[in-house]
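Order-wise, the sequence lines are chains A and B.
First residue of the first sequence? That's 1 in the numbering used here, and the numbers climb one at a time after it.
First residue of the second sequence? That's 1001 in the numbering used here, and the numbers climb one at a time after it.
No lab work stands behind these hints, which were simulated from the structure alone.
There may be inaccurate statements among the hints.
Straight-line distance between alpha carbons at most 27 Å, and here's what the computed DSSO-like set of lysine-lysine pairs gives [claimed, not checked]:
{"#": "1", "chain 1": "A", "residue 1": "K57", "chain 2": "B", "residue 2": "K1083"}
{"#": "2", "chain 1": "B", "residue 1": "K1031", "chain 2": "A", "residue 2": "K157"}
{"#": "3", "chain 1": "A", "residue 1": "K42", "chain 2": "B", "residue 2": "K1059"}
{"#": "4", "chain 1": "B", "residue 1": "K1040", "chain 2": "A", "residue 2": "K136"}
{"#": "5", "chain 1": "A", "residue 1": "K104", "chain 2": "B", "residue 2": "K1040"}
{"#": "6", "chain 1": "A", "residue 1": "K136", "chain 2": "B", "residue 2": "K1096"}
{"#": "7", "chain 1": "B", "residue 1": "K1074", "chain 2": "A", "residue 2": "K48"}
{"#": "8", "chain 1": "B", "residue 1": "K1074", "chain 2": "A", "residue 2": "K57"}
{"#": "9", "chain 1": "A", "residue 1": "K52", "chain 2": "B", "residue 2": "K1023"}
{"#": "10", "chain 1": "A", "residue 1": "K129", "chain 2": "B", "residue 2": "K1096"}
{"#": "11", "chain 1": "B", "residue 1": "K1040", "chain 2": "A", "residue 2": "K89"}
{"#": "12", "chain 1": "B", "residue 1": "K1096", "chain 2": "A", "residue 2": "K42"}
{"#": "13", "chain 1": "B", "residue 1": "K1056", "chain 2": "A", "residue 2": "K49"}
{"#": "14", "chain 1": "B", "residue 1": "K1059", "chain 2": "A", "residue 2": "K32"}
{"#": "15", "chain 1": "A", "residue 1": "K57", "chain 2": "B", "residue 2": "K1059"}
{"#": "16", "chain 1": "A", "residue 1": "K157", "chain 2": "B", "residue 2": "K1096"}
{"#": "17", "chain 1": "B", "residue 1": "K1023", "chain 2": "A", "residue 2": "K104"}
{"#": "18", "chain 1": "B", "residue 1": "K1023", "chain 2": "A", "residue 2": "K136"}
{"#": "19", "chain 1": "A", "residue 1": "K104", "chain 2": "B", "residue 2": "K1031"}
{"#": "20", "chain 1": "A", "residue 1": "K42", "chain 2": "B", "residue 2": "K1031"}
{"#": "21", "chain 1": "A", "residue 1": "K89", "chain 2": "B", "residue 2": "K1023"}
{"#": "22", "chain 1": "B", "residue 1": "K1096", "chain 2": "A", "residue 2": "K78"}
{"#": "23", "chain 1": "A", "residue 1": "K52", "chain 2": "B", "residue 2": "K1096"}
{"#": "24", "chain 1": "B", "residue 1": "K1087", "chain 2": "A", "residue 2": "K78"}
{"#": "25", "chain 1": "B", "residue 1": "K1087", "chain 2": "A", "residue 2": "K48"}
{"#": "26", "chain 1": "A", "residue 1": "K157", "chain 2": "B", "residue 2": "K1059"}
{"#": "27", "chain 1": "A", "residue 1": "K52", "chain 2": "B", "residue 2": "K1074"}
{"#": "28", "chain 1": "B", "residue 1": "K1083", "chain 2": "A", "residue 2": "K156"}
{"#": "29", "chain 1": "B", "residue 1": "K1031", "chain 2": "A", "residue 2": "K49"}
{"#": "30", "chain 1": "A", "residue 1": "K159", "chain 2": "B", "residue 2": "K1096"}
Remember, predicted model here, so these are calculated numbers, not experimental data.
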Amino acid sequence: MTKTVKTTMMELLRLKKKFKLAEKGHKLLKEKRDALISEFFKLVDDLKKLRKETEEKLAVAYQSLIYAQALMGYLETKRAADSVASQIKIESSQRNIMGVPVPKFECQFPADEMSYSVSTSLELDQATKNFREALKAIVQLAQVEASAVNLAEDIKKTKRKVNALEKIVMPRIKKDSTYIRMRLEEMERENFSRLKSIKARMEASENA
Amino acid sequence: MKQIAVLGDLELVLGMKLAGASKCLNYQTDKAAEQVNQIKEFPILITTETIAAELKEKKLFQELQGVVVQVPDKSGSRGLALKQVSKLFEDALGLKIENQ
């Protein structure tokens, strides 16, 4: 790097202050990173559990739907499905994990009544119930998954910041301030020897 | 208010309709762009692993703004979703985890 550094005491003091700030920031960011990572671990555990649960529920739901179709025929099932009015309410809001915004969903189902009525079978009711269960699990899953993605992104960012401070900013400041200190000392020595030589010359002219 | 959208195969759409999801579309390969356009603003989108993979191939996946949940279709899970989790993990921490 060929940036020129001012070799003054003021600059040295400024750099020292900067270094302290960088150190503080580094420490804080490091703590944030560690906290985020532990949070992330928890989320991933949850995520895996939920994923498994959802898949199981969905498999059951598919099974019951296939039964219902076998009993009633595709068209009949489709007609029943088309007549279902959507009544799910989803409230989406935001939550904070260590300063990372993550979405939060809450879903409310209407009471357990089927909104289709005529010429349907018990199997269809069962399928509806199973799919509702699955949908609930999916909404949960959506929340956790989105949180995990957001957290992962933020961990990456924080990591990069920590590394930049540690590997680039702090060493550079250190290098610069050593350079200034050496330079100042050198100037002082120069000055000292200059004074000595002047003194010697003055004494010589006095003696003459 | 916009709610849950479903982009899936016949069975998923039928089931989700029964459960009461608000917007259900049968995925059609030749109308993919149009369909994505219709649902891209929903907060939650449910789709199957197969369709998600196809959307990614067509570069439509990024247009979805909500949370996309990939679920297995009727033939069972292909394990893609779990793979995604461990990829996320790898990206964030730089180490691999074994899937139990």
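Results for each hint:
1. Distance check on the hinted pair: K57 (chain A) and K1083 (chain B) sit about 20 Å apart at the alpha-carbon level, within 27 Å; holds.
2. Under the criterion of a C-alpha separation no larger than 27 Å, the hint pairing K1031 (chain B) with K157 (chain A) is inconsistent with the structure, at around 37 Å.
3. At most 27 Å may separate the alpha-carbon atoms for a hinted pair to count; K42 (chain A) and K1059 (chain B) exceed this at roughly 32 Å.
4. The straight-line distance between the Cα atoms of K1040 (chain B) and K136 (chain A) is roughly 21 Å, inside the 27 Å bound, and the hint therefore holds.
5. The suggested pairing of K104 (chain A) with K1040 (chain B) holds, with an alpha-carbon distance near 19 Å, which does not exceed 27 Å.
6. Distance hint between K136 (chain A) and K1096 (chain B) is unfulfilled; the C-alpha atoms sit about 30 Å from each other, more than 27 Å.
7. With a C-alpha separation of about 20 Å, the suggested pair K1074 (chain B) and K48 (chain A) falls inside the 27 Å cut-off, and the hint holds.
8. Between K1074 (chain B) and K57 (chain A), the direct Cα distance comes to roughly 12 Å. Compliance with the 27 Å bound is thereby established for this hinted pair.
9. For the proposed pair K52 (chain A) and K1023 (chain B), the alpha carbon gap of about 25 Å is at most 27 Å, so the pair holds.
10. With a C-alpha separation of about 38 Å, the suggested pairing of K129 (chain A) with K1096 (chain B) is violated against the 27 Å cut-off.
11. Between the alpha carbons of K1040 (chain B) and K89 (chain A) the distance comes to roughly 19 Å, so the proposed pair stays at or under 27 Å and holds.
12. Between the alpha carbons of K1096 (chain B) and K42 (chain A) the distance comes to roughly 16 Å, so the proposed pair stays at or under 27 Å and holds.
13. A C-alpha spacing of about 26 Å is found between K1056 (chain B) and K49 (chain A), which places the hinted pair at or below 27 Å, so the restraint holds.
14. Taking the CA atoms of K1059 (chain B) and K32 (chain A), the gap is near 34 Å; set against the 27 Å cutoff, the hint is violated.
15. Only pairs whose Cα atoms come within 27 Å are accepted, and K57 (chain A) paired with K1059 (chain B) is rejected, the gap being roughly 30 Å.
16. This hinted pair checks out: K157 (chain A) and K1096 (chain B) have alpha carbons roughly 19 Å apart, not beyond 27 Å.
17. As the CA atoms of K1023 (chain B) and K104 (chain A) are separated by approximately 20 Å, the hinted pair is consistent with the 27 Å bound.
18. About 16 Å separates the Cα atoms of K1023 (chain B) and K136 (chain A), which keeps this hinted pair within 27 Å; it holds.
19. Our distance criterion of 27 Å between C-alpha atoms is broken by K104 (chain A) and K1031 (chain B), whose separation comes to about 31 Å.
20. Proximity of K42 (chain A) to K1031 (chain B) is assessed by CA-CA distance (about 40 Å); at most 27 Å being required, the pair is judged violated.
21. Simply put, K89 (chain A) and K1023 (chain B) have alpha-carbon atoms about 13 Å apart, close enough for the 27 Å limit, and the pair holds.
22. For the hint linking K1096 (chain B) to K78 (chain A), the alpha-carbon distance of about 44 Å lies beyond 27 Å, and the restraint is violated.
23. Distance check on the hinted pair: K52 (chain A) and K1096 (chain B) sit about 20 Å apart at the alpha-carbon level, within 27 Å; holds.
24. At roughly 38 Å between alpha-carbon atoms, K1087 (chain B) and K78 (chain A) are farther apart than 27 Å, so this suggested pair is violated.
25. A hinted pair counts as satisfied when its Cα atoms are at most 27 Å apart, and K1087 (chain B) with K48 (chain A) qualifies at roughly 13 Å.
26. The straight-line distance between the Cα atoms of K157 (chain A) and K1059 (chain B) is roughly 25 Å, inside the 27 Å bound, and the hint therefore holds.
27. Proposed proximity of K52 (chain A) and K1074 (chain B) is supported: the alpha carbons are some 15 Å apart, at most 27 Å.
28. Of the supplied pair hints, the one linking K1083 (chain B) and K156 (chain A) holds, its CA atoms being roughly 19 Å apart against a limit of 27 Å.
29. Between K1031 (chain B) and K49 (chain A), the direct Cα distance comes to roughly 35 Å. Violation of the 27 Å bound is thereby established for this hinted pair.
30. Using a Cα cut-off of 27 Å, the hinted pair K159 (chain A) and K1096 (chain B) holds, with the two alpha carbons roughly 17 Å apart.
The structure shown violates the earlier hints numbered 2, 3, 6, 10, 14, 15, 19, 20, 22, 24, 29.
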